[in-house]
Amino acid sequence: MSRYFTEDHEWIDVDGDVATVGISDYAQGALGDIVFVDVPEEGRALSKGDEAAVVESVKAASDVYAPVSGTVVEGNAQLSDEPGLVNTDPEGEGWFFKITLSDASELDGLMDETAYAAFVAKL
Amino acid sequence: MSDATDLNVEDAPEGQDIIQTLPLDAWHRARGGRMVPFAGYEMPVQYEGIMAEHLWTRESAGLFDVSHMGQVVFTGDNGLAPVIAALEKVLPGDIAGLGDRKNRYSLLLNEEGGILDDLMVTKRTLDGAEELYMVVNGATKYDDIAYLLDFIPDDATLNLLDEQALLALQGPKAVDALSRIVPGVEALVFMTAADFSWNDVPLWISRSGYTGEDGYEISIPAEHAAAFADLLCEQAEVKPIGLGARDSLRLEAGLPLYGHDLDPETTPVMADLGFALAKKRREAADFLGAERILAERENGPAVKRVGLTVAGRQPVREGASVVAEDGSVIGRVTSGGFAPSMGAPIAMAYVPTELATPGTVLKLLQRGKTHDATVTAMPFVPHRYVRSGAK
Numbered sequence: 001m002s003r004y005f006t007e008d009h010e011w012i013d014v015d016g017d018v019a020t021v022g023i024s025d026y027a028q029g030a031l032g033d034i035v036f037v038d039v040p041e042e043g044r045a046l047s048k049g050d051e052a053a054v055v056e057s058v059k060a061a062s063d064v065y066a067p068v069s070g071t072v073v074e075g076n077a078q079l080s081d082e083p084g085l086v087n088t089d090p091e092g093e094g095w096f097f098k099i100t101l102s103d104a105s106e107l108d109g110l111m112d113e114t115a116y117a118a119f120v121a122k123l
Numbered sequence: 001m002s003d004a005t006d007l008n009v010e011d012a013p014e015g016q017d018i019i020q021t022l023p024l025d026a027w028h029r030a031r032g033g034r035m036v037p038f039a040g041y042e043m044p045v046q047y048e049g050i051m052a053e054h055l056w057t058r059e060s061a062g063l064f065d066v067s068h069m070g071q072v073v074f075t076g077d078n079g080l081a082p083v084i085a086a087l088e089k090v091l092p093g094d095i096a097g098l099g100d101r102k103n104r105y106s107l108l109l110n111e112e113g114g115i116l117d118d119l120m121v122t123k124r125t126l127d128g129a130e131e132l133y134m135v136v137n138g139a140t141k142y143d144d145i146a147y148l149l150d151f152i153p154d155d156a157t158l159n160l161l162d163e164q165a166l167l168a169l170q171g172p173k174a175v176d177a178l179s180r181i182v183p184g185v186e187a188l189v190f191m192t193a194a195d196f197s198w199n200d201v202p203l204w205i206s207r208s209g210y211t212g213e214d215g216y217e218i219s220i221p222a223e224h225a226a227a228f229a230d231l232l233c234e235q236a237e238v239k240p241i242g243l244g245a246r247d248s249l250r251l252e253a254g255l256p257l258y259g260h261d262l263d264p265e266t267t268p269v270m271a272d273l274g275f276a277l278a279k280k281r282r283e284a285a286d287f288l289g290a291e292r293i294l295a296e297r298e299n300g301p302a303v304k305r306v307g308l309t310v311a312g313r314q315p316v317r318e319g320a321s322v323v324a325e326d327g328s329v330i331g332r333v334t335s336g337g338f339a340p341s342m343g344a345p346i347a348m349a350y351v352p353t354e355l356a357t358p359g360t361v362l363k364l365l366q367r368g369k370t371h372d373a374t375v376t377a378m379p380f381v382p383h384r385y386v387r388s389g390a391k
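From first to last, the protein sequence lines stand for chains A and B. Heads up: the first sequence at position 103 corresponds to 103 in full-length UniProt numbering, and the numbers run straight through without jumps. Heads up: the second sequence at position 126 corresponds to 126 in full-length UniProt numbering, and the numbers run straight through without jumps.
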């Protein structure tokens with residue numbers, strides 16, 4: 001399984017032709033206390049860059065974009081009751097949605113863990 | 001990920017591009033404050049997190065740096081009476097009848113009765129001279145001063161105390177922490193003030209604030225502010241609190257924020273601040289906009305500020321619309337967010353007066369999504385001011 005990151009601070013774990021998407025630890029730290037998450041429904045078709053989810057902290061609302069194109073196979077239902085999971089475990093239990101990969105080549109432009117750490121260090 | 005809406009941190013007045021720093025700037029940074037521009041200053045939006053800071057203030061005591069606010073003193077060569085008479089033209093409160101060392105919340109009005117600022121005014125005698133001490137909002141202070149200078153008589157002096165820091169210590173344990181350092185503050189009651197001293201540093205302290213909690217506001221010479229803030233934070237009850245929690249605390253307390261819930265198009269009656277219109281002043285009807293304001297008071301304003309509890313968990317924020325069944329816009333949300341003490345989203349909005357009764361269900365529209373909201377009496381969280389008797 002490989003993990004990639006976007007410049008918009010989403011992470012994506014690819015396992016075969018299904019990928020899991022969330023926001024990075026850096027992103028949850030910048031947002032602060034998360035009080036609401038709206039994840040996409042199963043079956044929704046997304047193109048790379050589409051607004052896929054909404055995450056709201058006490059101070060701001062932010063859009064989460066689809067890092068790749070595909071069809072949503074599951075949204076993380078747990079986040080509606082426990083949005084704070086995004087703060088406590090952003091790159092694990094706090095995942096947002098799972099999506100099929102319709103074009104694996106879209107992963108080429110994304111950063112790996114090392115490149116993302118270097119990217120964040122410069123912010 | 002990108003910000004769809006932002007915390008209201010872009011309040012620097014137009015044309016004021018230079019961001020100033022507070023006397024406690026280095027102090028905030030050393031304590032991990034995340035600094036953002038607000039009202040023309042770099043200010044801490046949070047330290048450990050808005051939610052924790054908010055809840056800490058409600059149960060213990062939070063220290064807020066509000067030194068961006070304008071501290072103004074009025075004196076008169078021929079006494080204070082002519083100055084007060086002039087100020088009462090633009091303030092609808094009974095300033096002349098204000099007792100010594102008593103605070104009053106008031107509103108700065110324009111010709112149309114619209115609100116240019118909300119403020120606190122205190123009558124005091126220091127070093128034998130009687131004066132009025134006023135605290136105005138940071139983002140409006142220079143405009144306020146220019147406006148006020150046009151009204152005060154030639155023999156009056158307006159002095160901006162820009163060498164004074166202003167700290168607010170808020171919360172049920174504020175009295176315990178502050179009275180340990182400055183004995184005697186426990187004898188003050190809500191909306192009264194007095195001069196104190198700490199290590200020969202003069203302090204002007206009032207029992208007041210903008211969180212709905214008991215607490216104090218402390219004016220201190222800027223060069224001593226860091227040492228005093230350090231000492232306060234050494235008290236077990238006290239932690240520093242940022243702007244983010246200040247906003248959620250005042251929202252839960254039902255207190256309007258200038259530039260958001262109040263503006264020059266809004267009158268005191270629309271803003272549901274009728275308590276700021278003193279009876280004596282209403283009878284004299286001698287302040288700016290009195291005719292319009294008194295007519296609104298008599299007949300009801302077209303729109304009115306209300307509190308809303310929002311269904312679900314998603315915050316509905318400033319800028320969202322209040323919509324009728326047919327989708328037409330009938331009102332606007334002026335403040336909104338997640339209320340940490342309630343675990344639910346709340347908001348303030350202006351709605352037609354016939355829809356302003358508590359219990360009325362309204363629809364809010366934000367980024368294409370509709371939310372149900374119910375008009376709710378404010379404050380959302382009860383005020384806990386200490387109104388009488390020393391502890």
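No lab work stands behind these hints: they were computed from the structure. Misleading hints may appear alongside valid ones.
[Stated by the list, open to error] Calculated pairs, DSS-like style, for lysine-lysine (alpha carbon to alpha carbon, straight line, at most 25 Å): (1) B/K89 - B/K102; (2) A/K48 - B/K280; (3) B/K369 - A/K98; (4) A/K98 - A/K48; (5) B/K279 - B/K89; (6) B/K89 - B/K239.
[Claimed, not checked] Residues from chain B that keep clear of chain A, each with C-beta distances beyond 12 Å, as calculated: (7) Q46; (8) E48; (9) E53; (10) I145; (11) N159; (12) D195; (13) D200; (14) A222; (15) D247; (16) S248; (17) A295; (18) P315; (19) V316; (20) A339; (21) G343.
Glycine residues also receive a C-beta, built at the ideal position from the N, C-alpha and C atoms.
Checked hints:
no.: 1; hint: B/K89 - B/K102; result: 20 Å, holds
no.: 2; hint: A/K48 - B/K280; result: 66 Å, violated
no.: 3; hint: B/K369 - A/K98; result: 24 Å, holds
no.: 4; hint: A/K98 - A/K48; result: 14 Å, holds
no.: 5; hint: B/K279 - B/K89; result: 15 Å, holds
no.: 6; hint: B/K89 - B/K239; result: 41 Å, violated
no.: 7; hint: Q46; result: 6 Å, violated
no.: 8; hint: E48; result: 10 Å, violated
no.: 9; hint: E53; result: 10 Å, violated
no.: 10; hint: I145; result: 31 Å, holds
no.: 11; hint: N159; result: 36 Å, holds
no.: 12; hint: D195; result: 37 Å, holds
no.: 13; hint: D200; result: 40 Å, holds
no.: 14; hint: A222; result: 28 Å, holds
no.: 15; hint: D247; result: 8 Å, violated
no.: 16; hint: S248; result: 6 Å, violated
no.: 17; hint: A295; result: 39 Å, holds
no.: 18; hint: P315; result: 6 Å, violated
no.: 19; hint: V316; result: 10 Å, violated
no.: 20; hint: A339; result: 9 Å, violated
no.: 21; hint: G343; result: 9 Å, violated
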